[in-house]
Amino acid sequence: MKVLVPVKRVIDPYAKVKANAEGTGIDTTGVKFEINPFDEIAVEEAVRQKEKNPAITITVVSVGPEAAEEQLRKALAIGADEAVLIQTDDELDSRAVAHELAAFAQELQPNLILMGKQATDNDANQAGQRLAAKLGWPQATFACAVEFAGDNLTVRRETDEGEETLSLPLPAVVTTDLRLNEPRYIALPGIIKARSKPLTKRPRLTDAKPLVRTVKVEQPAPRQAGVRVNSVAELMTALRDRGAL
Amino acid sequence: MSLLLIALNAADAQAGAGFAQSFGSEFDVLVLTKGDVPAIGARQVFSVDQADLAPADAMATMVQGQLGNYTTIAAVSAMWSKDLLARVAGLVDAPMVTDVIAIPAPGQYLRPIVAGSLLATVEVDGAPVFLTIRPAGFAKPEERANGSTSSLGAPSNGVTVRTNKSASQGGRPDLTQAKVVVSGGRPLGDAATFERLIGGLADKLGGAAGATRAAVDSGIASNELQVGQTGKIVAPDLYIAAGISGSTQHMAGMKDSKIIVAINTDGDAAIFQIADYGLVMDLFEALPAIQSALD
Ligand SMILES: Cc1cc2nc3c(=O)[nH]c(=O)nc-3n(C[C@H](O)[C@H](O)[C@H](O)COP(=O)(O)OP(=O)(O)OC[C@H]3O[C@@H](n4cnc5c(N)ncnc54)[C@H](O)[C@@H]3O)c2cc1C
Numbered sequence: 001m002k003v004l005v006p007v008k009r010v011i012d013p014y015a016k017v018k019a020n021a022e023g024t025g026i027d028t029t030g031v032k033f034e035i036n037p038f039d040e041i042a043v044e045e046a047v048r049q050k051e052k053n054p055a056i057t058i059t060v061v062s063v064g065p066e067a068a069e070e071q072l073r074k075a076l077a078i079g080a081d082e083a084v085l086i087q088t089d090d091e092l093d094s095r096a097v098a099h100e101l102a103a104f105a106q107e108l109q110p111n112l113i114l115m116g117k118q119a120t121d122n123d124a125n126q127a128g129q130r131l132a133a134k135l136g137w138p139q140a141t142f143a144c145a146v147e148f149a150g151d152n153l154t155v156r157r158e159t160d161e162g163e164e165t166l167s168l169p170l171p172a173v174v175t176t177d178l179r180l181n182e183p184r185y186i187a188l189p190g191i192i193k194a195r196s197k198p199l200t201k202r203p204r205l206t207d208a209k210p211l212v213r214t215v216k217v218e219q220p221a222p223r224q225a226g227v228r229v230n231s232v233a234e235l236m237t238a239l240r241d242r243g244a245l
Numbered sequence: 001m002s003l004l005l006i007a008l009n010a011a012d013a014q015a016g017a018g019f020a021q022s023f024g025s026e027f028d029v030l031v032l033t034k035g036d037v038p039a040i041g042a043r044q045v046f047s048v049d050q051a052d053l054a055p056a057d058a059m060a061t062m063v064q065g066q067l068g069n070y071t072t073i074a075a076v077s078a079m080w081s082k083d084l085l086a087r088v089a090g091l092v093d094a095p096m097v098t099d100v101i102a103i104p105a106p107g108q109y110l111r112p113i114v115a116g117s118l119l120a121t122v123e124v125d126g127a128p129v130f131l132t133i134r135p136a137g138f139a140k141p142e143e144r145a146n147g148s149t150s151s152l153g154a155p156s157n158g159v160t161v162r163t164n165k166s167a168s169q170g171g172r173p174d175l176t177q178a179k180v181v182v183s184g185g186r187p188l189g190d191a192a193t194f195e196r197l198i199g200g201l202a203d204k205l206g207g208a209a210g211a212t213r214a215a216v217d218s219g220i221a222s223n224e225l226q227v228g229q230t231g232k233i234v235a236p237d238l239y240i241a242a243g244i245s246g247s248t249q250h251m252a253g254m255k256d257s258k259i260i261v262a263i264n265t266d267g268d269a270a271i272f273q274i275a276d277y278g279l280v281m282d283l284f285e286a287l288p289a290i291q292s293a294l295d
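Note that the protein sequences, when read in sequence, are chains Z and P.
Counting along the first sequence from 1, when you hit position 12 you're at 12 in this note's numbering, and nothing is skipped either side.
Counting along the second sequence from 1, when you hit position 84 you're at 84 in this note's numbering, and nothing is skipped either side.
Check each hint, because a few of them may be wrong.
Under the rule of at most 30 Å between Cα atoms (straight-line distance), these lysine-lysine pairs were calculated in the BS3-like manner [stated by the list, open to error]:
#	chain 1	residue 1	chain 2	residue 2
1	P	Lys165	Z	Lys16
2	Z	Lys216	P	Lys140
3	Z	Lys18	P	Lys258
4	Z	Lys201	Z	Lys32
5	Z	Lys216	P	Lys204
6	Z	Lys52	P	Lys258
7	Z	Lys50	P	Lys204
No lab work stands behind these hints: they were computed from the structure.
Bear in mind the structure is a predicted one, so any value in this text is a computation, not a measurement.
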């Protein structure tokens, strides 16, 4: 049983971000990079499944710059077996990434692809669904529980109204939501120890171009600062005067 | 240029109507579940004869068959629309832009990135263009008669089977469409207290209850109440944030609200930077006092 987990290197989700001077992208000077939190949840889930079923092998793959090796090492430290970096400095969108991942999946033939529902930098929420479509596999997005059931997978997923449970045949693509699990803490020695695990670098597998191009990045207009009220009575008066109640 | 608006149901068609009417061309609407369709000025209404939305694989195949010659396929941003439209966009290998808040020029789309910390203007190659849109950025719709209506049969089964479905809480208005939202954070402590203080005030104001991720993760509120980068995006006339610190991720989901009230014991909490009215006070005192003031 093979599980493939794509991971993305993203700007630290807790960092204060600014647009770059040219207004064409994010200013990355001096900011930390992390594994996309949703992808980290996907790695953790794969590892938990492997702890239940040692026959699982976990491959993590990243499509991105050389520096993404850092995030792949982290994934190996969490418990993935091997890592592949599809190394490129090309600007990619969800479509181009889905094409790369589909080509890689066709080679690896995983039974399951587990990945984040969105990356916290561009918030696109598309790659998993596009990948599933391209492979012709079923999908379960926004998963909050995943269980293997023979040749099927049972996935509880978050919906706009609550939750639902899907049963889908493998192979399948599952995207993770926040409540699937809480990733384990990995201390530095763990990351160093994982250095002996295999990490392969290779060039892009397709020439898929992005179909969405960013032409401008800017700071949103700040919201007008408001006033302090000193009591509930004062608040109620202010809201009534504004016609808000 | 022509638009197909895809809507989950009548309320969703209404939510997308302002965008569709301001799009600058005629539009058709495809309503994915059966029910009355509001008068939004659609040239043609296609209504799918099913009570519940089928899983994404079955739906995507069906929608793919309805793409015709439309140049733009749009739906209101939601979990169902991201699940479905991104799959259809993948099937036809076409561009997609999620969470569009404005169309600054033809072929350009404005959308928030990095939890709303920045705004990106994007351009696309290829057609049709798939969009999920946030209605708050577009004009309010007018009531206009629709053209013809046709019914489409339910989609053929895909390989995915839904075995269970739970929708919690009836009664309160839909979070994304409510005029008033009362939200609570971690200090609410437990589900019963949340329901009493946050739910109780929401009911008094005829509004919906919302929550932070911290509140949802600790079981204080159910997941569909989460407001933020990875939850619901709301823009009500009045948003009351009680015991919410104001993380970037939470503010991403509510900072376009018309009036924001923040109640927090910490006068330096980030939420006060975007609040119209800030009250530095214990929420366990403030919320009951507001409820009694409304009696
Ligand atoms: C990838 C990712 C996605 C995320 N997505 C979301 C999202 O969609 N939505 C979201 O909300 N968060 C999201 N988060 C989490 C976010 O970063 C914050 O952790 C979360 O919003 C904090 O919730 P909170 O304000 O309830 O809790 P806290 O940050 O703990 O704040 C509690 C606040 O309550 C105040 N307080 C304490 N006691 C009282 C009292 N008695 N009366 C009044 N005030 C009191 C405190 O001063 C404090 O300001 C995400 C995080 C990540 C990494």
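Structure-based check of each hint:
1. P:Lys165 with Z:Lys16: violated (38 Å)
2. Z:Lys216 with P:Lys140: holds (27 Å)
3. Z:Lys18 with P:Lys258: holds (25 Å)
4. Z:Lys201 with Z:Lys32: With Cα atoms ~23 Å apart, Z:Lys201 and Z:Lys32 stay inside 30 Å; holds.
5. Z:Lys216 with P:Lys204: violated (44 Å)
6. Z:Lys52 with P:Lys258: Violated, at roughly 50 Å.
7. Z:Lys50 with P:Lys204: violated (49 Å)
Hints 1, 5, 6 and 7, counting from the list given before, are not met by this structure.
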